[in-house]
Amino acid sequence: MKIAVLTKAIPSYESLIRIDTSSKWIDDSLVNYVVNESDAYALEEALKIKESLADDSEVVVVSMGSEDKCSKIIKDGLAKGADRAILIDSQEKISDPLSIATLISDCIKDEQFDLVFSGLQSDDLGSGQVGVLLGEKLKMSTATLAIETQIQPSAIRVKRELESGWFQWLTIPLPASISIQSGINNPRYPSLKGIMGARNKEVAKHNSNQFSNNQLQSMVELYIPSNEKQAEKIEGDSKSVASRILEILKNDLRVIQ
Amino acid sequence: MFTILEKILLITFLSSAISFFLYHLYVRLSIVFKGKGSFAFDHLLLRLKRLFDEVLLHKKVISKQRTIVGFLHLFVMYGFIFFGLITLNHFLIPFDIKLFSPSFKLNYFYFVGLPWAILCLIGILGLAYRRFFIKPKFLGEKSKTSAVVTLFIFLLMITYLYDEFHLWNSLLQYKVNWWLHSFVIGSFLFLIPKSKHMHLVLSPFNIFLKPFDNPDHAPVPIDLEASEEELDNLLLDLSRLSKNQALDIFTCVECGRCTEVCPANRGGGILNPKYHFILDLKNPMLENQDVNVVDKINVEAGWECTTCQACTEVCPVGNQVEKADEIRSFQVLSTGDVPQEYQKLLMNLQETGNTEGKNSSEILKELPEYTAEKEIVLWLGCFAKHAMDPNFVKSVRNFTKILDSASISYGVLSNEQCSGDPANKLGDKLTYQLLMDQNVEALKGVKKVVSMCPHCVVNLQKEYRKYHEINYEVKHHTQMIAELLEDNRININPGSLEKVTYHDPCNLSRTLNETEAPRKLLKASAPNYFELEEHGKETLCCGAGGALWWKKDTGEGRTHLLRAEQVIQSKTDTVVTGCNFCYGMMNQGIGPLTPSDQEKIQVKDIADIVAENLSN
Ligand code: SF4
Ligand code: SF4
Chain A
1 MKIAVLTKAI PSYESLIRID TSSKWIDDSL VNYVVNESDA YALEEALKIK
51 ESLADDSEVV VVSMGSEDKC SKIIKDGLAK GADRAILIDS QEKISDPLSI
101 ATLISDCIKD EQFDLVFSGL QSDDLGSGQV GVLLGEKLKM STATLAIETQ
151 IQPSAIRVKR ELESGWFQWL TIPLPASISI QSGINNPRYP SLKGIMGARN
201 KEVAKHNSNQ FSNNQLQSMV ELYIPSNEKQ AEKIEGDSKS VASRILEILK
251 NDLRVIQ
Chain B
1 MFTILEKILL ITFLSSAISF FLYHLYVRLS IVFKGKGSFA FDHLLLRLKR
51 LFDEVLLHKK VISKQRTIVG FLHLFVMYGF IFFGLITLNH FLIPFDIKLF
101 SPSFKLNYFY FVGLPWAILC LIGILGLAYR RFFIKPKFLG EKSKTSAVVT
151 LFIFLLMITY LYDEFHLWNS LLQYKVNWWL HSFVIGSFLF LIPKSKHMHL
201 VLSPFNIFLK PFDNPDHAPV PIDLEASEEE LDNLLLDLSR LSKNQALDIF
251 TCVECGRCTE VCPANRGGGI LNPKYHFILD LKNPMLENQD VNVVDKINVE
301 AGWECTTCQA CTEVCPVGNQ VEKADEIRSF QVLSTGDVPQ EYQKLLMNLQ
351 ETGNTEGKNS SEILKELPEY TAEKEIVLWL GCFAKHAMDP NFVKSVRNFT
401 KILDSASISY GVLSNEQCSG DPANKLGDKL TYQLLMDQNV EALKGVKKVV
451 SMCPHCVVNL QKEYRKYHEI NYEVKHHTQM IAELLEDNRI NINPGSLEKV
501 TYHDPCNLSR TLNETEAPRK LLKASAPNYF ELEEHGKETL CCGAGGALWW
551 KKDTGEGRTH LLRAEQVIQS KTDTVVTGCN FCYGMMNQGI GPLTPSDQEK
601 IQVKDIADIV AENLSN
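Residue numbers (the numbering used here), protein chains in the order written: chain A, 1 to 257; chain B, 1 to 616.
Treat the hints with care, as some may be off.
Only pairs whose alpha carbons sit at most 25 Å apart, straight line, appear in this in silico DSS-like list of lysine-lysine [what the hints assert, rightly or not]:
no.	chain 1	residue 1	chain 2	residue 2
1	B	Lys448	A	Lys72
2	A	Lys72	B	Lys358
3	B	Lys175	B	Lys135
4	B	Lys196	B	Lys296
5	B	Lys64	B	Lys49
6	B	Lys142	A	Lys69
7	B	Lys499	B	Lys520
8	B	Lys36	A	Lys193
9	B	Lys394	A	Lys193
10	B	Lys499	A	Lys193
11	A	Lys205	A	Lys72
12	A	Lys250	A	Lys2
13	B	Lys196	B	Lys142
14	A	Lys193	B	Lys296
15	B	Lys600	A	Lys75
16	A	Lys69	B	Lys358
17	B	Lys499	B	Lys394
18	A	Lys93	A	Lys75
19	B	Lys523	B	Lys600
20	A	Lys159	A	Lys48
21	A	Lys48	B	Lys344
22	B	Lys466	B	Lys34
23	B	Lys64	B	Lys194
24	B	Lys358	A	Lys75
25	B	Lys105	B	Lys175
These aren't lab readings, by the way, just hints derived from the structure by calculation.
Sequences and hints are given; from them, build the entire structure.
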């Protein structure tokens with residue numbers, strides 16, 4: 001079984017987020033990049049499948065972004081037990097999920113992965129679409145929001161999280177692309193042997209420029225949400241006060257219909 | 001009197017008993033010598049003094065709560081020692097060799113033999129009564145060998161007295177008595193080596209050889225450029241015990257005191273140091289004929305340990321009990337199976353150099369930066385730097401107030417990283433090294449460091465030394481303030497009449513050996529100062545040690561509440577401590593635990609109580 005795990009480098013929660021001079025992206029120089037949380041669970045799930053099969057299965061970390069951002073998280077994945085990695089080196093700031101999925105698919109289509117795992121969504125842009133779109137591009141069956149997986153001969157059973165505590169079991173044929181919910185397993189910590197072993201593992205580099213890339217979506221402007229306090233003093237008799245409150249709740253805050 | 005047949009029988013019996021004993025001793029010692037490292041013989045006088053105190057004076061056996069049991073044991077031990085001559089004499093009788101003149105023998109009997117036979121009898125019967133009738137929980141399951149030993153010692157004394165008082169009327173009676181006495185002594189040699197009674201032989205050596213540092217874990221230097229083979233050797237090494245640790249395991253007398261004092265165990269955890277850190281390793285060692293048994297330590301138990309060293313402090317046979325360091329290093333470095341909350345902590349340390357994953361620190365900005373002309377580096381530590389208890393910021397300011405009033409110039413290092421204590425304690429020696437190396441670099445050229453965090457002091461002063469040459473001197477702030485007081489650089493007026501007690505932090509009292517400096521300061525500033533029942537080196541851990549501060553509160557286990565509860569029960573007005581983590585734990589525990597009819601106890605650092613009473 002060949003399993004790809006899409007792994008994204010995202011700014012750590014404690015990082016200082018500033019907008020860069022283009023006003024279209026954040027200032028990378030101030031940011032500490034870490035692995036996207038749900039991707040860590042996706043990797044663990046892949047490693048567990050590999051271990052349970054105990055055959056020549058392969059887990060491949062696939063990461064896109066500039067090398068300096070991604071190399072640390074790739075190393076981390078390899079240290080945890082992934083067999084090799086594919087880095088799609090891209091200096092461009094792409095935020096459009098379809099373009100990203102297309103790029104990745106162009107890079108990995110020859111690999112013939114049986115499974116693609118991705119985290120449910122990235123904690124920075126949060127579109128939650130790349131895994132599914134990539135699955136479509138590669139003509140795979142897809143499922144999202146997996147909270148449990150069971151591997152079967154040429155199929156995978158997935159338990160999907162639905163709303164308000166409901167869930168659904170479904171069996172989909174391989175190859176499949178599945179997005180993994182955080183918290184479904186206990187990601188391991190890289191052992192010393194893993195860290196040392198990672199030094200000799202292969203990291204294949206693709207340059208995103210070699211693929212055509214028509215971005216369907218681009219960032220117009222990025223800004224830090226302004227944080228203002230507002231107070232309105234409502235005066236008048238109880239009836240007019242009540243109707244003003246109703247108006248605010250309905251039209252301004254939209255908390256009631 | 002004795003026939004040739006009897007003599008042959010005696011020689012055969014004794015020589016097989018002695019061979020049996022020596023063989024099993026040899027088996028154990030050869031395992032011990034496979035251990036890592038070497039036995040140290042430095043500070044010979046101190047070692048001899050310790051031997052004198054702990055063996056001959058029984059200082060640890062007769063500790064506060066165990067005075068009676070301790071004396072009972074002392075009687076038995078001296079009984080054994082004084083019976084050495086008597087036993088020698090006993091076995092020479094069949095060969096008509098007279099070791100002593102009749103008058104010496106008589107005097108020895110009246111002045112030594114008889115009184116010690118009686119005391120020894122009292123001792124062993126008392127101990128048996130305790131074990132089989134009072135049944136303290138920590139002695140564990142019924143011990144068959146203890147019953148046999150009781151019977152043996154009882155028989156020895158009775159047969160001895162029977163003989164000395166000439167209670168026999170015929171040669172037959174004499175001989176039956178003589179043989180019974182001989183049989184019992186010989187049987188001892190069969191019984192000792194395979195049971196806890198081996199402590200009779202090994203504990204003096206173990207106490208003599210015990211390392212002075214508590215704890216004394218071996219460093220794990222990691223070279224990321226190392227070859228595959230070197231790495232494999234390093235990992236293999238992690239599963240091996242040191243010589244001292246191996247000797248400990250064969251010396252353990254199974255008294256259970258380590259478990260009795262263990263905060264994790266008292267708090268309802270599964271950790272039972274007597275078994276998890278000692279006895280569980282004994283059979284594997286004998287089976288493997290080797291010391292590669294670290295993986296036999298229960299990992300879950302290992303994560304519960306606060307590394308407080310109470311177990312080691314209390315052990316009467318000189319064992320260094322705690323092996324959380326070994327099992328955690330093994331777990332982290334060779335398997336990577338680490339609880340999620342600790343992974344988060346370790347990632348924070350790797351990424352930001354502090355436990356909280358913070359990018360900036362308010363108090364760091366507020367304090368003057370260290371420059372070469374300043375006297376000391378004020379080492380903040382993550383707790384103070386990132387206000388892990390917001391109240392503690394006040395304590396830091398109070399300490400700087402004291403430094404100012406003594407006109408001491410100080411500064412903080414803007415590139416101070418976490419000392420690495422949590423990483424070290426969690427067994428992530430790689431992350432530890434990363435932080436340590438940066439700190440050692442940052443401290444180059446520095447002469448004096450002072451810190452309010454005993455964890456930082458332990459690392460800067462003791463642990464770093466295992467890896468690097470260290471040229472600075474580190475003090476805990478209580479030590480420094482006490483010196484300032486002694487040198488009259490500050491003056492303290494005794495303050496208000498509130499009741500004040502002191503909680504000894506484990507790292508300060510047991511690891512840094514400092515129980516006096518804080519007391520000196522407390523006595524100067526608080527006239528109504530009193531001791532908690534468990535204090536000094538016998539203190540009870542607040543529950544934060546061993547990186548347990550960051551442990552997820554699952555609602556189970558009360559390790560983190562026990563000490564706060566004791567403080568509340570002491571009915572003090574104020575509890576003072578010398579460690580920021582203890583400070584935080586006290587605040588967290590005292591709030592919710594204080595009964596509604598009791599005034600809430602104030603938590604202070606030594607720096608607070610001194611600063612409040614400064615009179616310059
Ligand atoms: S160090 Fe403390 S917590 Fe750990 S086993 Fe010993 S007494 Fe228990
Ligand atoms: S390790 Fe020490 S304290 Fe613990 S049971 Fe053994 S002898 Fe007693």
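Evaluation of the provided hints:
{"no.": "1", "hint": "B:Lys448 - A:Lys72", "verdict": "37 Å, violated"}
{"no.": "2", "hint": "A:Lys72 - B:Lys358", "verdict": "20 Å, holds"}
{"no.": "3", "hint": "B:Lys175 - B:Lys135", "verdict": "38 Å, violated"}
{"no.": "4", "hint": "B:Lys196 - B:Lys296", "verdict": "20 Å, holds"}
{"no.": "5", "hint": "B:Lys64 - B:Lys49", "verdict": "20 Å, holds"}
{"no.": "6", "hint": "B:Lys142 - A:Lys69", "verdict": "62 Å, violated"}
{"no.": "7", "hint": "B:Lys499 - B:Lys520", "verdict": "16 Å, holds"}
{"no.": "8", "hint": "B:Lys36 - A:Lys193", "verdict": "21 Å, holds"}
{"no.": "9", "hint": "B:Lys394 - A:Lys193", "verdict": "44 Å, violated"}
{"no.": "10", "hint": "B:Lys499 - A:Lys193", "verdict": "55 Å, violated"}
{"no.": "11", "hint": "A:Lys205 - A:Lys72", "verdict": "15 Å, holds"}
{"no.": "12", "hint": "A:Lys250 - A:Lys2", "verdict": "53 Å, violated"}
{"no.": "13", "hint": "B:Lys196 - B:Lys142", "verdict": "13 Å, holds"}
{"no.": "14", "hint": "A:Lys193 - B:Lys296", "verdict": "20 Å, holds"}
{"no.": "15", "hint": "B:Lys600 - A:Lys75", "verdict": "51 Å, violated"}
{"no.": "16", "hint": "A:Lys69 - B:Lys358", "verdict": "20 Å, holds"}
{"no.": "17", "hint": "B:Lys499 - B:Lys394", "verdict": "21 Å, holds"}
{"no.": "18", "hint": "A:Lys93 - A:Lys75", "verdict": "22 Å, holds"}
{"no.": "19", "hint": "B:Lys523 - B:Lys600", "verdict": "23 Å, holds"}
{"no.": "20", "hint": "A:Lys159 - A:Lys48", "verdict": "16 Å, holds"}
{"no.": "21", "hint": "A:Lys48 - B:Lys344", "verdict": "21 Å, holds"}
{"no.": "22", "hint": "B:Lys466 - B:Lys34", "verdict": "22 Å, holds"}
{"no.": "23", "hint": "B:Lys64 - B:Lys194", "verdict": "31 Å, violated"}
{"no.": "24", "hint": "B:Lys358 - A:Lys75", "verdict": "23 Å, holds"}
{"no.": "25", "hint": "B:Lys105 - B:Lys175", "verdict": "20 Å, holds"}
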